[in-house]
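Please model the complete structure; the sequences and the hints are all you need to start from.
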Amino acid sequence: MNNLLKSREALLALAILVLLAVIATRFPAFIEPRNLANVFNDTSPLIILAIGQMVVILTKCIDLSVAATLALCGMVAAMLNGAGVPLPLILLAAVVLGAVLGSVNGLLVWKVDIPPIVVTLGTMTIYRGIIFLISDGKWINAHQMTAGFKDLPRAELFGIHVMSWIALAVIAAAVVLLTRTPLGRSFYAVGGNPHAAVYTGINVGRTQFVAFVISGALAGLTGYLWVARYAVAYVDIAGGFELDVVAACVIGGIAIAGGAGTIAGAVLGALFLGVIKNALPVVGISPFWQLAISGSAIILAVAFNARQGRSRGRIILKSAEHRA
Amino acid sequence: MTEISAAPRVIPDRLTSPLARALRSWEALLVVVAVAVFAINSFASPYFLNAWNLSDATFNFTEKAMIAFAMAMLIIAGEIDLSVASIIALASTAMGIAMTAGFDTPALVAVGIGTGVLCGALNGVFVARLGLPSIVVTIGTMSLFRGISTIVLGDEAFTNYPDSFAWFGQGYVWWVFSFELVLFAVLAVVFFVLLHRTNFGRSVYAIGNNPTAALFSGIRVNRVRFILFLLTGLMSGIAAVCLTSRLGSTRPSIATGMELEVVTMVVLGGVNILGGSGRIMGVVLAAIIMGLVTFGFGLLNVPGIVMSIFLGLLLISVIAVPRLLAKVRK
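Residue numbers (my numbering), protein chains in the order written: chain A, 1 to 324; chain B, 1001 to 1330.
If you are wondering where the hints come from, they were derived from the structure by calculation, not from laboratory data. Careful, some of the hints might be misleading.
Here are the simulated BS3-like pairs of lysine-lysine, each with C-alpha atoms no more than 25 Å apart in a straight line [claimed, not checked]: (1) A:K138 / A:K150; (2) A:K277 / B:K1327; (3) B:K1330 / A:K138; (4) A:K150 / A:K277.
Listed below in structure tokens is the structure:
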């Protein structure tokens, strides 16, 4: 199984390399290190959100409210900036608010037992609506933001943007969390077999709750980065972005039924979409194609993953599996 | 997660009477809510109690409800289709192309409905034939279908639909009864019969409760699933004809977010999101309630996005309240 998973990520990495090679044959400038760093930087929000989404999907849930959470935290960050709050506090507020919004999802799933898709479909519209209520539908534009607020994600450290560094830090933290801590392993256990997880002493609902909090907190962090980088905040920022995030996970081989997937997969899935998005205008294809391409990529990826996962063993003790 | 209860089931000496059961049903609650919404609206706005205004209000739910009937069956069978709004976009775009090519109204309707059926068939093949999870497949086709329509349309729009085409969305059969309202009523009856009075309907419940048991009792599970996706595509196609005709145009953003409203309608109608139970009557009532609420808010000049907050809260609380009550009772 381990080899199979490894080869899946290797295949995806290969696909990205082939994609880059094809683009490079006509536009060599695309694969210059400087441009590749830009592509990575541009994909950073997607990578961060995909990691949060992956943790949620691992526990057999799904979080469709990430983009709305991002937008709400971004708007609050921009408003706090307007009120003269210092930057470290704004960052903290964005992350905490994201975690709170995530915990609302988590509590509804954990304590009220509502299916995650219903919860997050609902909170998705509620969070978007709240942005409208607090902002009165108005935009916060670049000239209304302080320079320090806008400059942080774009500042360079060792030649790489701070936003990329943050993405790299999130990747590193997630790898440690998922592979080296009991909590990380319990995410896999809960998704792989919730009933077995209960017998090993794991609180399934609480683990799912924690997953939603992580996803929300990362969305909050991304909310600040997004608003600061594009220097604008309004109701509809990152509209429909939750689909890109789920797409990145599916392409990265995260099993939608839970319990299987790696950080490398999620990151590569996000990079795959990021490379396509950045290459389209270079190659001269209208950006209107992007939606259809990512849709096809989702379907191809899930079909491919299903073929690989087909050879499962027989389930014995089926009664135990159906009971709870 | 639910725990295993060891208590013996209480078998009552006498079954509760049908009337008592009907009064305690979800549908009874919905009727009460509908009456309340109607009463509040009548007090809140002097323009509400007017036959023509109420007729206008029905346009708020007729198209969504058509899809919701098929979606209800799909959800009862344990599947979901999040691509319905994108099917509308693609079907509407296809009609726009046909219109530009010089086809007349009957051909446009055929193209719209045909596109819907094809899209539904594609979803059905992925789910029923290839065995992929419907939520991922339809998230994918949701991007794909709207993506294709975005490629075709770019930032432009199809307008100039022929005058005779406008009848489906703007025409009236008799007095204040619009074509869409009559179609809604007819489809409600058709789906009621299909779900509650046919073998096919029973097999939908059986699959939703236990697909393995359904398979072993001789139900062709995957064929039923495929037909359900086909039906949802068909209804989305019909809704696309009505919506395009009503708006008189096709834009890339047509029907965005409608999948959420359709799912909300179905769940509000008492259909279990996990499959296995639900009735068409509930969906009909939920459609009317949502239509009245939207219309009432509209008369009071409440912005659309505030209405969507209300819908989101409604969706969650409708599921949460009964579960919390059950917990408290324990």
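>> K150 (chain A) and K277 (chain A) were given as a pair; does the straight-line alpha-carbon distance stay at or below 25 Å?
In response: Within the cut-off at roughly 24 Å; holds.
> Given the hint that K1330 (chain B) pairs with K138 (chain A), does the C-alpha gap stay at or below 25 Å?
Replying inline: violated (47 Å)
> Going straight from one Cα to the other, do K138 (chain A) and K150 (chain A) come out at no more than 25 Å?
Replying inline: Within the cut-off at roughly 19 Å; holds.
>> Hint check: K277 (chain A) vs K1327 (chain B), CA-CA at most 25 Å. Holds or violated?
In response: violated (48 Å)
Taken one by one, the earlier hints fail for this structure at numbers 2 and 3, listed in ascending order.
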